[in-house]
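Asker: Spelled out from the first residue to the last, the chains are:
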Amino acid sequence: MNTVFYISAAVAILSTAMVISRLNAIHALLYMIVSLLAVAMIFFVMGAPFIAALEVIVYAGAIMVLFVFAMMMLNLGQEAVERERNWLSPASWAGPVTLVAVLFAEFIWIVSRTGGSLPGGGGLGPKQVGIALLGQYLVGVELASMLLLAGLVGAYHIGRRMPRTGEENEASRAGISIKQ
Amino acid sequence: MNEILRPIVIMVVVLAYVLTVATALIWVERRLLALFQERLGPNRRGPFGLLQVVADMIKLFFKEDWIPPFADHPVFVIAPALIFITTLLSFSVIAFVPGFVVADLNIGLLFILAMSSIGVYSVVLAGWASNNKYSLLGGMRAAAQMLSYEVFMGLSLMGVVMIAGSFNLTAIVEAQRRVWFCIPQCAGFLIFLIAGFAEARRIPFDLPEAESELVAGYHTEYSGMKFAVFFFGEYIGLTLFSSLMVTLFFGGWLGPLLPGALWFVLKTFVLICFFILARGALPRPRYDQLMSLGWKLMLPLALLNLLITGAVLLAV
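Listed in order, the protein sequences are those of chains G and X.
Each residue of the first sequence is one higher than the one before, starting from 2 at the first, in my numbering.
Each residue of the second sequence is one higher than the one before, starting from 5 at the first, in my numbering.
Derived from the structure by calculation, the hints contain no laboratory data.
This structure is a prediction, so every number in the text was calculated from the model and none was measured.
Treat the hints with caution; some may be incorrect.
[Unchecked claim] Quick look at which bits of chain X chain G covers, simulated, 3 or more residues with Cβ under 8 Å: (1) 97-111; (2) 121-130; (3) 141-148.
Positions of the beta carbon are idealized from the N, C-alpha and C atoms, including for glycine.
The shape of chain G in the complex, shown without the other chains (with noise of 0.2 Å):
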């Protein structure tokens, strides 16, 4: 099992840092979406399947399938690769890379103070994940729907189509003019 996990998470490793360097959207997309799936795995090895299926279904196939429409909408072409190209320049690079080799090292030095234990440990079936969501955390559940129904509600506002500006932006391309 610790071997499973190691590949996994070598797998998510390599694939977000090529989801950084790559150029083009889509590809970079790809690799989003192939990280995602191994930390579905990484989840599934350390014993919560639930949490793993709820990951694939979420965000590898809802929300990325959600990135990968807007970006085949927008439909960039080779002068978005060209842009990308000009704005990944080493310069940009060293901020960033300076920050993360102090998380780094910051991480290292934790790993190498406590040992290294995995934590979780036993299995998490989806029975006790329903059981702590609707009990113990049933408040925030609450909340978070609430938030997410205000969110949709907007949604529906903003993209509602209004008729009555509609038709009259057809009269008067016509020559019409429809107040009175």
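For chain G, the structure is supplied; the task is to place chain X on it using the hints.
Answerer: Positioned in the frame of chain G, the structure of chain X alone reads:
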């Protein structure tokens, strides 16, 4: 049986079963459609035209496998493989008879939903990588259609999960000893059936390929074996949805007299015939009609079904 040998035997048998059924379906679909439309269909090669499939396969194997120069090469190649892998992987959690299952996961149903949501990428990426406007339109339709229908496909199955109390497909079949779930979960079954048409991209919901308006949609640029993989993947998907419906709503292997495996195959076959009949009977809706049907009718119905099921379960 031997500890190591048994899983391998199960895997080989399941794979052989799925591939045989999918191959035979090409012939079954053409002959059945012909029957419904008062034609003969393929009847020249071999008895009842059975060898027509073999002839088609040989032809596809020897066709030039052409990749257009303007396509995105790696993505173009990966896309058809994805649909094949995800649908075949889904079969690994389907229980054909008690104990005869490749991986008896306790999240079996969620695994299938996850695989079907990854399978969307196949069509979407094929459309994008072809770098052709018809393919792109097909890919975008596929993304929107499959994403919308996935939402209530998952919700329609939760009623079954609530009654059975498990995501495990073997446990779900065992919970149907008294009554098949297609009776208490009638609404859930109908919603899942409609979502199944959309997820398997079958007529009437084959808008991503809609040959009368988009040439061939997402697989316009595909030829030779890559096209065959898409074609074949669609039939495997059809078999998967029929098997899943049998497991979830029609009691899987349960049935009198005949052995369980035979019951499973028989029920699957009846459902597949229904899918083919629908193809012969129904016209294709417009794209916006498809989307508004999904969000404005099916989603509220699925939520209502879930609400009523929950209330009944709490009351009983």
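Asker: State for each hint whether it applies.
Answerer: Against the structure, the hints:
1. Only residues whose C-beta sits within less than 8 Å of a C-beta in chain G count toward coverage, and the segment 97-111 of chain X has 3 of them, enough to reach three; the restraint holds.
2. For the segment 121-130 of chain X, the proposed coverage by chain G is satisfied: 6 residues have a C-beta within less than 8 Å of a C-beta in that chain, meeting the threshold of three.
3. Residue count for the segment 141-148 of chain X with a Cβ under 8 Å from a Cβ of chain G: 4. That meets the three needed, and the coverage hint holds.
In this structure, every one of the numbered hints holds.
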